[in-house]
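Modelling step: build the complete structure from the supplied sequences, incorporating the hints.
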Amino acid sequence: MQGTIDTSKAAIQAEHGAGAHGGHHGDHPDHRIFGIIMFLVAESMIFLGLFAAYLTFRSVTPDWPPEGTPEMELLLPGVNTIILISSSFVMNRGNAAIKKNDVKGLRFWFGLTALMGAVFLVGQLYEYFHTGFGLADNIFTSTFYVLTGFHGLHVTFGLLLILAVLWKSLKAGHYSSESHFGAEAAELYWHFVDVVWIVLFTILYLF
Amino acid sequence: MAQVTEPETDNLGETLAVEAGGQTPWREYFSFSTDHKVIGIQYLVCTFIFYLIGGALATAVRTELATPDSDFVSRELYNGLFTIHATVMIFLWIVPAGTGAFGNYLIPLMIGARDMAFPRLNAIAFWLIPPGGILLLSSFFVGAAGAGWTSYPPLSTTGEKAGEFIWILSVLILGTSSILGGINFLTTILKMRMPGMGLNDMPLFCWAMLAASALILISTPVLAGALILLAFDLIAGTTFFNPMGGGDPVVYQHMFWFYSHPAVYIMILPIFGMISDILPVHARKPIFGYQAIAYSSMAISFLGLIVWAHHMFTSGTPGWLRMFFMVATMIIAVPTGIKVFSWLATVWGGKLRLNSAMLFGLGFVSMFVIGGLSGIMIASVPFDIHVHDTYFIVAHLHYVLFGGSVFGLYGGIYHWFPKMTGRMMNEPLGKLHFALTLIGFNLCFLPMHYLGLQGMPRRVAEYDPKFATVNLVCTVGSYILAVSTVPLIINAVWSWIGGPKASGNPWDALTMEWQTASPPPVENFIGEPVRLTGPYDYGMGDRNPNVQMPESQANTPMLSGGPTVS
Amino acid sequence: MKVPSAIWTMIAGITITLVSLWVGQNHSLMPVAASEEAPRIDALFNTMMTISTGLFLIVQGIIVISIFKFRKQANDNTDGPPIHGNVPLEILWTAIPAIIIMGIGVYSFEIYNSMGGLDPMASHESHVAHKHQPGAAIAASLPSDEPGMAPSKAPGKLVALGVGASPRTQGQDPFVSVNVLGLQFAWIFTYPNSGVTSGELHLPAGKEVELTISASDVIHSLWIPEFRLKQDAIPGRESELRFVPQIVGEYSVVCAELCGSYHGGMKTRVIVQSEEDFQAWLQSQIVAQSEGLETVALNPADLSETDYLQPLAAEMGIDGETLNQLHAEHHLGDRAI
Ligand code: HEA
Ligand code: HEA
Ligand code: CUA
Ligand SMILES: [Cu+2]
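Chains as they are written, first to last, in full-length UniProt numbering: chain A, 1 to 207; chain B, 1 to 566; chain C, 1 to 337.
Please note that the accuracy of each hint is not assured.
Covered, in the sense of this in silico footprint (three residues per stretch, anywhere, with C-beta under 8 Å from a C-beta of chain B), are these stretches of chain A [to be verified]:
{"id": "1", "stretch": "31-38"}
{"id": "2", "stretch": "46-52"}
{"id": "3", "stretch": "59-67"}
{"id": "4", "stretch": "131-141"}
Since the hints were made in silico from the structure, they are not lab data.
Cβ coordinates follow ideal geometry from the N, Cα and C atoms, glycine included.
Below, the structure is given as C-alpha cells:
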C-alpha cells in the first residue's frame, strides 16, 4: 500500500509491457512450466483418443491385422525405440549440466539428443518406404500410418524445440543455472513424446 | 431506479482509481493486445457478431420450416444452414463467449491478479477465432457441410467434400483456441490468486471456470483426434469410419460425443458461475451454500465425462451400456439440483432489485430448469428411443442452450457492462429486451416438445402437413426472437457511447472486480488489491466496501474465510 | 404468524401434487399407442411428466413469489438477511432428487427390460438366423466413391443392438421376420421366408415381429412414432427391433437420422392388419413377384406400391439397375437360407 499513491499511469504501463506475472511481489513466480504440463495433458488426450480408436477397431475386426497385410518388421522399430528412449536420458544430462551453469554440457547433450531424434525420424521414414503397404490399404495400415505419423510430427516438433534451445544457447548468458526454462520445457516435451512412443510401440508392434 | 450510482466517496483509493481508469483507445480493440480486459471485450463483441450471423441462419431455417414443403431454400442448402447455424452458435458464440469473453474479463479481476498467466497465448487464442469463423462461413461459397453439427460419417465423408473439409479445419482451429484458453484459465486460477485468497474465497464464477477449463483440457483434444481421422477418410481415402473398408462409424460417434457431451457443460458451467455471482448482488443476500455450489461444479465436470453415450441410445450401443449411461446421466440432476435450489434459496427472502441483469438471471433459472427436466426425461432409454433425433431434442437443446446459456450471457452483459465500459445501460430498453426474448423464446421452442412427441424428426426441410400450424407458431416465435436482439444492440451501442457514467461499484457488489475503477486501469488495481470482505458477505453490516483500511492490515484481510455453511 | 405460513406451504404442496398428477395423466402429448410396448413407455413418460410438472411448479412458483414478495422497496437500501446456508435443507434437496432419479432409473430399467432391450440371446440368435447379411452384401455391390477399394468383411455382429425379445418370449422365434434395408432415400422390406419385397411394411396385429435392420450407404434410423420404437440402421452392422404391433391401422415409418438431402422425404407406411389380411397380402405379393424378377425390378412403382418411392427413385438416382441389383441380392440371400 505504501508506494501506491504515487504510482503513476506511466509506471503502470511500463510494468505492463514487461509482462504481467504476479505484480510486484519481487519473486515473479513463473507459471510457464505449469502451463506446459497442462498443454501436455491436452496432448495426451489426443493420443489417448487415437489409441482408444485403434484398440476398438482392433477388437471389432475379426482378424487383426486384416488378411493380406504384410508382416511387420520388428528389428528396425525396436532399434528405433531404444534410440528414442535413451535419448531421454541423454537429454536429462543436458539439463543437469545447465543446472550447474555448464552451458557447454547443455549444448553437447542436447546436440546428441537432437542427433538421436533425427536418427529416429530417418529410421521411421525408412520403415515407411519398406512396409509394403499403403495408407488406405486396410484399417490396420491406416491406423498404423496415422498413429506413427502423428507421433512423428511430434518428434519433429520436439526436435525443432531442441534446435531452438541450441540456437539460443549460443547467446552467452541466455541459459544459466537460474534461468533455463526453454531447456526444461524442451525436455518435458521430449519425455512426453517418448512415453507416447512406448505406448504406441507396445500396442502397434508387440501386443 | 436501477442506476444505483454511488455518491463519490472521499476515499483516496477510489478517487485515484477513477482517474487511472478511463477508456481504452478504440484502436486497441483491433490490435494484438495482451491486456485480458481488451481481449475479453474483443471476444465478447466478436462472438456476439457471430451470434447474429448464427441467428440469421436460424431465421432462415425457421423460414423454410414455416411451411411443410421444401420451398424457401434447396434441400442441400437447408442442411448446410442448420449445420453451420449450430456450429456457429456453439463454437463461435457460446463456448468463446462464456469462457473466452467473461472468463478473460473477470477471472484476473476477481482473483486480484494483474492479467492472465500467459497474456500472449491469450491473445493468440482470441485471434484464432475470427479467421476460424470466417473460414467456416466461407464454406457457403463452395457448398457448406450438410451433415449436421455432429458430422456423422459415412454421410459426412460422402457429401460436400470441400465444405466438409472447411468445417473440419475451422472446428480444429476453434478447438485449438479453446484449449489454449483452458490452459490459461487453469493456470491463472490455480496459481495467480492474490495473497490470502484460498480456493474457497474465490467467487463462484472462478470455481465454475475451473471446472469448465478442466473439461476443455480433457475432452477437446479427443474431438481433434476424431476430426483428424475424419479428415483422412474425407481426403486420403482411408476407411476409419466406413464399413466398406473395415471401419466403424460408431467409433466416430463415441469420439465425437466424448467431446461434445462435456462441451455442453463447457457451455453451461461458466454461465452457472455468472448466475451465482449475479443473483446475490441483486438479491442483496449472501449466496446460499457456497461450498455446495462450488463442489457441485466439480461434480458436474466429472460426471460430464462419463455420460457421452446418452446421445447414442438408438445407435450402436448395446443394452447394458445404454443402462449404464442412462444412470450416469441421471445422476447429474443431483449436483445441478443443488445449484438450482441454492439459487432459489439465495433469492428467497432477499431484497430483489429487478433490473435487467436480475431479470435475465431469474429467467435463466426458470428456463434452464425446463431444459434440465426434459434432459432427465431423454436420459431415460425407453423414452429416448421414441424421441431421439426428433424436435423434442431440438426443444431440449434450445432450452438449455438458449434459455440457459444465452439468457445467462445476456444477464452477464447487463451486469458487467458498467464495469467493462464505465457506462450504465438503459433499463427500460433492457426490460423490453427481456420481455421480447422471454416471449419469443417460449413461443419458438415450447411447441417443439409437442412436435417431437407427435412424430416430427429433426433436420428435415419438409414435414408432414399435420404439423404445419405448430411450426408456424415456432417460426413466428423465432421472428420475435430476432427482433428481440434489436433493443439489446441499440442499448449497448448507445450506452457505450453516451450512457450515464458508472462508478467503480454501481451495484454495491463485494467481489474484487468491483473494488476498482470502471473500467479498470491497465493493471486492474492501483497498488496491491485488498480484499475487505468475502465475495458474498451481504447483510453483514459492512455494506460499503470503500471503508478505510489501516495500512498494517492491508495484507491480512478481515474476512478472509469464505462464507460459512452453518 | 408461524401457523399460516405452514398452512400455506401445505396448501401449495397439495395443489402442486394434484396439478402434477392431473397433468401427468391428461397431457395428451403422445400419438396413439399402437404397439404392445407403447403403453409402457407412455406410462413411464406420464410418471416423468408428473414429477417434472411438480418440480417445474415449485421452481417457477418460488421465482414468481420472490419477484412479488421480496422485491426491493423504493427507499430500502439495506441488505437482506445474511444467511449463508442451512445444512439440513441442503441435505434435503440433495437427497430428494437423488431418490427421484433412483426411482426413475429403476423404473426405466424395468420398462426397458420388459421391452426386451436387455435380451441376452439377441446377438446369438440373429447370428444363426441370418448368416447372410443383406446390408453388407449390398454395400459391397453398390458403386463406391473410392475406386478399387476392396470390400472387406463387415465386422460380425458382436453385440446385440436394438430391442430384442421380451423376457416372456425369449428363446421363441418371432411370428414374422422382416429384413429392413435403409438406403438413400427409401426403406426396403424383405420377408425372408416368402421372398416378398416391398416398399411398405405390412405387419399382423397381435403377433410378435422381428425387424432386422441394416443400411447400405449411410446411417438411417427407423422410427415408427406410434410404436414408440426407433433403431439406427448402421451400414456394416445389423440391429433388430422385436415388438408386437397391436392396433390395426396405418402409421408412418420415418427416417430419423440425417442421411442426406432427401432425409425429410424418406418416409413410408406401416400397415398393421389382421392376421388373415396380412396372410392374404403376403400371398398376393408372392404371386405378383413370382411373375418374374424382371417386371418387379424394372418397375419400381410396382415394387414399392407407395406413390412415394417411384418419383423419388428417379429423382435421386436410384435407377432401375440399382434396384434390380438390390432385388437380386435379396433373393439370392433368401434362397441361401
Ligand atoms: C448447455 C447445454 C446442455 C445442458 C446443460 C444439457 C443438460 C442435460 N442434458 Fe442435454 N443436450 C444438449 C445440451 C445440453 N444438455 C444438446 C445441444 C443436445 C443435442 C445434441 C444433438 O444431438 O445435436 C443434448 C442432448 C441430450 C441428450 C441426447 C438426446 C438424444 O439425442 O436422443 C440427452 C440424453 O440423455 C441429454 C440429457 C441431458 C441431461 C440429463 C442434462 C442435465 O445436465 C440436466 C440437469 C438439470 C436438471 C435436472 C434441472 C435442475 C434440477 C432440479 C430442479 C433438481 C431436481 C430434478 C430432478 C430430480 C429430475 N441431452
Ligand atoms: C447456443 C446455441 C444455439 C442458439 C442460441 C440457437 C438459436 C436458435 N436456433 Fe438453433 N440449434 C442449435 C443451437 C442453437 N440454436 C443446435 C446445436 C442445433 C442442432 C443442429 C443440428 O441438428 O445439427 C440447432 C438446430 C436448430 C433447429 C433445428 C433444425 C433442424 O433440425 O432441422 C432450429 C429450427 O427451428 C433452430 C432454430 C433456432 C432459432 C430460431 C434460434 C434463435 O434463438 C435465434 C435468434 C436469432 C437471432 C438472435 C439473430 C437475430 C438477428 C438477425 C436476424 C439479423 C441478422 C443480422 C446480421 C447478420 C448482422 N435451431
Ligand atoms: Cu434416411 Cu434419413
Ligand atoms: Cu449430452
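Of all the hints numbered above, which does this structure not satisfy? Sort the numbers upward.
Hints that this structure does not satisfy do not exist here, as all of them hold.
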